[in-house]
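Visitor: Construct the complete structure from the given sequences, taking the supplied hints into account.
Protein chains: 2
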Amino acid sequence: MQTPVSDQVTTGPIEGSTKTYVATESGLSVPMRRIALSNGDHFDVYDTSGPYTDPDVEINVHNGLYPLRRGWSSEHRTQLAWARDGVITREMEFVAVREGVSAEFVRSEVAAGRAVIPVNRNHPEAEPMIIGKNFLVKVNANLGNSAVTSSVEEEVEKMVWATRWGADTVMDLSTGKRIHETREWILRNSPVPIGTVPIYQALEKVDGEPEKLSWELYRDTVIEQCEQGVDYMTVHAGVLLRYVPLTARRVTGIVSRGGSIMAAWCLAHHRESFLYTHFSELCEILRSYDVTFSLGDGLRPGSVADANDRAQFAELETLGELTHIAREHGVQVMIEGPGHVPMHKIKENVELEERLCGEAPFYTLGPLTTDIAPAYDHITSAIGAAEIGRHGTAMLCYVTPKEHLGLPNRDDVKTGVITYKIAAHAADLAKGHPRAQERDDELSKARFEFRWIDQFNLSLDPDTARAYHDETLPAEPAKTAHFCSMCGPKFCSMRITQDVRRYAEEHGLSTVDAIEAGMQAKSEEFAERGNQVYLPVVE
Amino acid sequence: MQTPVSDQVTTGPIEGSTKTYVATESGLSVPMRRIALSNGDHFDVYDTSGPYTDPDVEINVHNGLYPLRRGWSSEHRTQLAWARDGVITREMEFVAVREGVSAEFVRSEVAAGRAVIPVNRNHPEAEPMIIGKNFLVKVNANLGNSAVTSSVEEEVEKMVWATRWGADTVMDLSTGKRIHETREWILRNSPVPIGTVPIYQALEKVDGEPEKLSWELYRDTVIEQCEQGVDYMTVHAGVLLRYVPLTARRVTGIVSRGGSIMAAWCLAHHRESFLYTHFSELCEILRSYDVTFSLGDGLRPGSVADANDRAQFAELETLGELTHIAREHGVQVMIEGPGHVPMHKIKENVELEERLCGEAPFYTLGPLTTDIAPAYDHITSAIGAAEIGRHGTAMLCYVTPKEHLGLPNRDDVKTGVITYKIAAHAADLAKGHPRAQERDDELSKARFEFRWIDQFNLSLDPDTARAYHDETLPAEPAKTAHFCSMCGPKFCSMRITQDVRRYAEEHGLSTVDAIEAGMQAKSEEFAERGNQVYLPVVE
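Residue numbers (UniProt numbering), protein chains in the order written: chain A, 1 to 539; chain B, 1 to 539.
Please note that a few of the clues may not be correct.
The list cannot tell twin chains apart, which means a pair is met if one copy fits it or any two copies do.
[Stated by the list, open to error] Below, computed lysine-lysine pairings styled on DSS-like, alpha-carbon distance capped at 30 Å:
| no. | residue 1 | residue 2 |
| --- | --- | --- |
| 1 | K431 | K345 |
| 2 | K205 | K345 |
| 3 | K205 | K177 |
| 4 | K431 | K347 |
| 5 | K445 | K345 |
| 6 | K445 | K347 |
| 7 | K445 | K431 |
These are computed hints drawn from the structure, not numbers from a lab.
Guide: Okay, structure coming up:
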């Protein structure tokens, strides 16, 4: 399906949906995506796409989005500080509506440090969202030009495209000369929190030579990004000099870019990381903008062979130490996790992170559960992401089919996001999130009742579901036919079940035993009907 | 990459591999796929592709494959009967080499009923393979024309294509007039065991009217298929009359085709299923050909809402009862499982199946862990397949992206098979299969040492991995470049780790502490090198 484009970004609602807003007591309006159903009913879902899917909003990337949160608070305090003081902020109220929980519950989770609301006071365009184990599992999409690619508009479109399909946050990992300008465009046009890795820009300033990095240069870079409005920052402050040798016998050594930069600096100077030695000063800077720490796992495993090793867990211990320091400063914190981990070693990562880091939200990259499928690492990692998500990981960083091989294109970004929405939702179901199963049931009912268009529109990707169906049965009538394209009209069922059910309802039978008592009559009715039966979909 | 085609089927080795054969003491030759490595070494992997990937074998689908197993045994006994008598058959010996275990271990697992070797004596073309929790997790691919499609050659090619990418068995679910002929072609050309659902053909014989089915007609159909050489058969003998009402209040009722046929028959006649009442006779027929039962779950859930409900588990209890009857008759048995199950309810399925069915091999369809992603159900189900596999499921029936929407094409079949090889391998890693991690480590080493072509060839899909890499860096030299296409020459590392490692090795440091002692010297050496550092792949 074609979508209109304004200033090179995708706008207009997702097929079958409209934008709606829920008004709160204090007058906030919280966006939701409303899926219309053919039976006249509708189903509302969490909406990450921002104003781009609202036809009533004029989009101009040169002007940026409306600064929703401007003036929500004049004081320079963090969500953590407010929460500790028992104050429910508008951000908390906004988030509560999105999640379907009470604002007080949101406040208490933030106060405990079990959840973070990453909203830099200088990024008023962002719609507040929450990351924590007791909320919907979130998905992050990494974007970032390599030096050679793409206009700034293209970078903005990548962000819009990722959030359209469900990315809850976006990390801008751009490198190269126009890094500041690119980030500015993304921030002014982003409805979701933006994360960065400041060490990348700092390295640009010293021509890519890590040993030339200094605390002062790094600090100034962080302040520059805080001023712009970056909502959370990856800081690899846990890569200590003494941990570097622990990677010597690994199969794949250090695979984190930031981790290897800091390891290189430590080796070059044979001194402790300036990120570690100046961590308290860093906390003071982030606190004054309410920027959230994403403490990076610079020593994460790059292969299943290296999973859960001494280097990885030594760093995690240090991240725990830093978490408590950051909290003393009133700064929100989440913790980054692996990487590559076989299924049986995944749960241990969550348990250890929660114990060492005081239940700070865990934010993992996959993990990939096997190394043998390059070109399919969105799948090898979705298996691990769903598993680590169900055990309590709060946000999943997506992996695209191009991982390890090349730069993701537009299709790869969509595939990565949809795949991770699946993993996040599978985890939500396993955790028993109150709202999670409603959507599964709505779609399953539509499937069972042959409401094809409802089935498409309730799915994560209506365009592709419809396209696959049309490959076999293009005709429009097929969308309302009471059979499945796999088996054809003669060979379709669930009808048999509908008969059983109808019978039960007609006779108001309240127990299955009672239904059973009616089986004889049932079988006669069935014989009268010419014993017609249809065959179902799956075998 | 183009592959030559003979008689419309794909032949020739997979990119980067050659066919090799391992000779056993008793003179059997067991096929393996040998992956050549650029360092002169090689890595052998389990090979399901049969003679089609051996350039020295002339393929003619009209003649069929060489009958490998003809004359291996003159007696009409089952692998189970031999195993119980302490006899190691050639099939067991063949399987032992493929799995890298002792033949005696194979025998003991078959004798215990924990594993099956599905080999009809009338399918001598098949290469023996084993299905059991203590062996590599297997993958089945469902094929089957809808009445309208495809020549018989096309059906054979689908089977060849699926086994090329790793399908361990294939189920022929064909319907329509040419069902017998199609199956004959597939059997004579298949190097893997073929499974069927005889009730489909039986229904064709009564013009699709279930109530016209009879034991006699079904029995004759089963004998016809046994004679042809079908290796295992799905029998929905657990769908009892009294269970049908248990589906009345389900969200998606009965979704198994065979299950609804038998439910319809039971309702029409208000009698118990003839599959259940004549089960012992059925056992005698299967025993005389050594055809393996795949006891079907006709009441499996068709949505996460219906998972683990009374209908599903009531049927499973009956399957347990039938398992013990079949074993008394010396017939091999596996048990089919769901379907649609949320992650937190998956483990219970395996535990219950093992307890009720005496650890008979479990063979599951997915399960899908959420219903909200039609067009991506290979992924929603790969998550469940990996999870159920790690808990002991022996074979995973693949799901393609077209599930619920349409008929899979050639690309869908490949995507489904590769996706399920990932799930099976992730489960093998989690179960600690001795051979599983070797391949991950080989590929990770290749990745770390920038042996790009080795990385492609060691992957599950060398063609796609190479194609994705070439999108960014097409030039041939890039295949040997010591950097990654994501970051470019200046921005690539692991180099730092290689330095750390090289240092450790040069100094013969045996402990990490000792390495640490050498850090000062290390930092000087690093400074001399101009402090050059590269940035790694993933962030």
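Visitor: What are the numbers of the hints the structure violates, in ascending order?
Guide: 2
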